[in-house]
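Participant: Work out the full structure: start from the sequences and follow the hints.
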Amino acid sequence: MQTTEQLKALLYKNETVADTAPEALAAAQEFCEGYKTFLDNAKTEREATAYSEKLLLDAGYRAFVPGQKLEPGAKVYAINRHKCVLAATIGTKPLEQGFHLNIAHIDSPRLDLRPVPVFEKEGLGYLRTHYYGGVRKYQWPTIPLALHGVICRADGSKVEVCIGENENDPVFCITDLLPHLSAKQNEKKLSEGIAAEDLNVLIASQPIADKEAEKRVKLNILGMLHEAYGITERDFTRAEIEVVPAFKARDIGLDRAMIGAYGHDDRVDAYPALMAEIGVQAPAYTTVCVLTDKEETGSDGVTGLNSMYTFHFLQQLCAAQGADYITACKAAKCLSADVTAAYDPTFADAFEPDNATYAGRGVAIYKYTGSRGKSGTNDAPAELVSYLTSLMDRSGVVWQIGEMGKLDLGGGGTVAKYVANQDIDTIDIGVPVLSMHAPFEVVSKADVYMAYRTFKAFCEDAD
Numbered sequence: 027m028q029t030t031e032q033l034k035a036l037l038y039k040n041e042t043v044a045d046t047a048p049e050a051l052a053a054a055q056e057f058c059e060g061y062k063t064f065l066d067n068a069k070t071e072r073e074a075t076a077y078s079e080k081l082l083l084d085a086g087y088r089a090f091v092p093g094q095k096l097e098p099g100a101k102v103y104a105i106n107r108h109k110c111v112l113a114a115t116i117g118t119k120p121l122e123q124g125f126h127l128n129i130a131h132i133d134s135p136r137l138d139l140r141p142v143p144v145f146e147k148e149g150l151g152y153l154r155t156h157y158y159g160g161v162r163k164y165q166w167p168t169i170p171l172a173l174h175g176v177i178c179r180a181d182g183s184k185v186e187v188c189i190g191e192n193e194n195d196p197v198f199c200i201t202d203l204l205p206h207l208s209a210k211q212n213e214k215k216l217s218e219g220i221a222a223e224d225l226n227v228l229i230a231s232q233p234i235a236d237k238e239a240e241k242r243v244k245l246n247i248l249g250m251l252h253e254a255y256g257i258t259e260r261d262f263t264r265a266e267i268e269v270v271p272a273f274k275a276r277d278i279g280l281d282r283a284m285i286g287a288y289g290h291d292d293r294v295d296a297y298p299a300l301m302a303e304i305g306v307q308a309p310a311y312t313t314v315c316v317l318t319d320k321e322e323t324g325s326d327g328v329t330g331l332n333s334m335y336t337f338h339f340l341q342q343l344c345a346a347q348g349a350d351y352i353t354a355c356k357a358a359k360c361l362s363a364d365v366t367a368a369y370d371p372t373f374a375d376a377f378e379p380d381n382a383t384y385a386g387r388g389v390a391i392y393k394y395t396g397s398r399g400k401s402g403t404n405d406a407p408a409e410l411v412s413y414l415t416s417l418m419d420r421s422g423v424v425w426q427i428g429e430m431g432k433l434d435l436g437g438g439g440t441v442a443k444y445v446a447n448q449d450i451d452t453i454d455i456g457v458p459v460l461s462m463h464a465p466f467e468v469v470s471k472a473d474v475y476m477a478y479r480t481f482k483a484f485c486e487d488a489d
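Each residue of the sequence shown is one higher than the last, beginning at 27 in our numbering.
Check each hint, because a few of them may be wrong.
Stated by the list, open to error - Here are the simulated BS3-like cross-link-like pairs (lysine-lysine), alpha carbons at most 27 Å apart as the crow flies:
id	residue 1	residue 2
1	Lys400	Lys39
2	Lys163	Lys62
3	Lys95	Lys482
4	Lys39	Lys147
5	Lys482	Lys101
6	Lys400	Lys356
7	Lys95	Lys80
8	Lys80	Lys101
9	Lys482	Lys356
10	Lys147	Lys237
11	Lys237	Lys80
12	Lys237	Lys274
13	Lys163	Lys214
14	Lys432	Lys214
15	Lys432	Lys39
16	Lys147	Lys101
17	Lys163	Lys482
18	Lys393	Lys482
19	Lys62	Lys101
20	Lys119	Lys101
21	Lys147	Lys241
22	Lys95	Lys119
Stated by the list, open to error - Label pairs and their computed distance ranges (CB to CB):
id	residue 1	residue 2	range
23	Gly279	Pro205	38 to 44 Å
24	Thr258	Val197	45 to 51 Å
25	Pro170	Leu433	34 to 40 Å
Treat the hints as calculated values from the structure; they're not laboratory data. Note that CB positions come from ideal geometry on N, CA and C, so glycine has one too.
Facilitator: Set out below in structure tokens:
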């Protein structure tokens with residue numbers, strides 16, 4: 027007969043990093059200082075790409091040249107249309123024995139300016155927006171906002187825009203109705219309290235001096251933009267301007283154990299994946315890190331993972347090494363890194379506690395994502411789950427496994443299915459997030475560090 031203690035040892039224990047690996051907490055604090063800097067410099071996918079490219083160049087990576095044979099240990103990278111990063115370190119084993127692929131996305135829910143955004147109403151100047159990704163619209167009014175992006179002028183030249191991040195910059199905002207007059211608004215469903223057409227960014231209020239002119243505030247806006255950037259209203263049709271929160275990443279709590287910021291989804295996985303790739307030296311398997319765009323809108327388009335750009339890169343790597351691409355994919359493994367929901371006691375009825383993931387309990391594995399009946403998901407095979415969990419255990423990684431929430435409440439997908447469709451074994455991992463998709467999300471530093479430790483172990487694995 028087994029004793030109670032022997033039986034207790036059979037239980038799956040979901041324990042905190044603080045209890046399981048307290049020695050890792052100081053390292054997590056240090057690692058996350060670099061992550062916070064990354065967040066502050068990478069509020070758009072273009073900025074994340076540019077900052078990542080700088081890190082890669084500083085680490086000795088060189089531009090990938092198709093057809094150029096690469097020796098083991100060589101580090102190369104490529105940029106796809108200013109919005110995606112592909113970095114690789116050539117392994118000592120032939121590519122036909124497989125490669126280790128880490129993928130995360132660097133786009134985040136936000137507001138984009140419409141093609142004709144500037145308008146004036148009753149003496150106030152606004153910018154019309156079109157929300158991008160799964161935003162909860164009521165969360166965006168009454169917070170400080172910044173403008174980030176690029177404008178292509180009529181002559182073909184480009185100008186970058188960033189207003190609201192410098193302490194001396196103005197910021198912008200979306201207004202909301204005062205509670206004294208909100209009786210009708212209060213009767214609406216939460217999802218309807220702020221409509222898409224209400225997400226207009228207040229940008230100016232001062233008119234030009236000419237009292238006889240029409241649209242005096244709008245003319246003042248266009249005049250200031252022309253003076254600063256040499257653009258006209260027509261140039262907005264050739265622009266990509268994103269409206270994002272103006273605040274910086276900050277420590278959360280007296281213990282500074284968490285980070286509050288815009289864009290954790292999914293830069294919280296992108297940065298650890300990139301740092302693991304940069305740090306690997308002479309791996310057994312060729313490592314490839316991909317930071318992709320368009321995940322929040324379905325991964326379509328030339329910068330989304332549902333296109334072929336990543337797999338063209340892999341094909342060219344194989345061709346340069348004389349390796350068969352199909353054979354390499356069959357032997358490859360991929361960590362599809364994206365965030366998952368952290369159990370929130372305030373909204374406990376949205377979760378099933380035994381299958382939830384928790385902030386502070388390590389990086390999360392989720393065998394499948396998708397919606398309700400596993401719709402739109404890659405369902406990782408048991409053998410791959412066993413491989414990854416064994417690797418993490420050997421490497422001292424604190425991990426947990428679960429699902430996003432109660433099954434019939436919704437769900438969410440990742441890029442895993444697009445990789446798996448290429449005949450590559452793929453599993454989802456990621457950092458649990460509180461207030462996911464909000465302008466200010468929260469993560470545990472310990473979980474961020476355990477994500478990095480996972481990517482590092484995966485890059486260095488020789489089995």
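Participant: Give a verdict on every hint.
Facilitator: So, going through the hints one by one against the coordinates:
1. Between Lys400 and Lys39, the direct Cα distance comes to roughly 25 Å. Compliance with the 27 Å bound is thereby established for this hinted pair.
2. Proximity of Lys163 to Lys62 is assessed by CA-CA distance (about 25 Å); at most 27 Å being required, the pair is judged to hold.
3. As the CA atoms of Lys95 and Lys482 are separated by approximately 25 Å, the hinted pair is consistent with the 27 Å bound.
4. For the suggested pair Lys39 and Lys147, the alpha carbons sit about 58 Å apart, so the restraint of at most 27 Å is broken.
5. Between the alpha carbons of Lys482 and Lys101 the distance comes to roughly 16 Å, so the proposed pair stays at or under 27 Å and holds.
6. Proposed proximity of Lys400 and Lys356 is supported: the alpha carbons are some 24 Å apart, at most 27 Å.
7. Only pairs whose Cα atoms come within 27 Å are accepted, and Lys95 paired with Lys80 is accepted, the gap being roughly 24 Å.
8. Restraint check for Lys80 and Lys101: the C-alpha separation of about 14 Å stays at or below 27 Å, so the hint holds.
9. Distance hint between Lys482 and Lys356 is fulfilled; the C-alpha atoms sit about 22 Å from each other, no more than 27 Å.
10. Note on Lys147 and Lys237: the hinted pairing holds, with a Cα-Cα distance of about 16 Å set against a maximum of 27 Å.
11. Distance hint between Lys237 and Lys80 is unfulfilled; the C-alpha atoms sit about 50 Å from each other, more than 27 Å.
12. The hinted pair formed by Lys237 and Lys274 fails the criterion: a straight-line CA distance of about 40 Å is larger than 27 Å.
13. The hinted pair formed by Lys163 and Lys214 meets the criterion: a straight-line CA distance of about 13 Å does not exceed 27 Å.
14. Simply put, Lys432 and Lys214 have alpha-carbon atoms about 25 Å apart, close enough for the 27 Å limit, and the pair holds.
15. Of the pairs offered as hints, the one joining Lys432 and Lys39 holds, with about 21 Å between alpha carbons and a cut-off of 27 Å not exceeded.
16. Restraint check: the Cα-Cα separation between Lys147 and Lys101 comes to about 54 Å, which exceeds 27 Å; the hinted pair is violated.
17. Taken as a hint, the Lys163 and Lys482 pair is broken in the structure, with Cα atoms around 37 Å apart against an allowance of 27 Å.
18. For the hint pairing Lys393 with Lys482, the CA-to-CA distance comes to about 20 Å; that is within 27 Å, so the pair holds.
19. Taking the CA atoms of Lys62 and Lys101, the gap is about 25 Å. The hint holds against a cut of 27 Å.
20. Taken as a hint, the Lys119 and Lys101 pair is honoured in the structure, with Cα atoms around 15 Å apart against an allowance of 27 Å.
21. As the CA atoms of Lys147 and Lys241 are separated by approximately 8 Å, the hinted pair is consistent with the 27 Å bound.
22. Straight-line distance between C-alpha atoms of Lys95 and Lys119 comes to about 14 Å, which keeps the hinted pair within the 27 Å bound.
23. A C-beta distance of roughly 30 Å is found between Gly279 and Pro205, which places it outside the suggested range of 38 to 44 Å.
24. Restraint check, Thr258 to Val197: a C-beta distance of roughly 24 Å breaks the suggested window 45 to 51 Å.
25. Distance hint check: the CB atoms of Pro170 and Leu433 are about 37 Å apart, consistent with the given range 34 to 40 Å.
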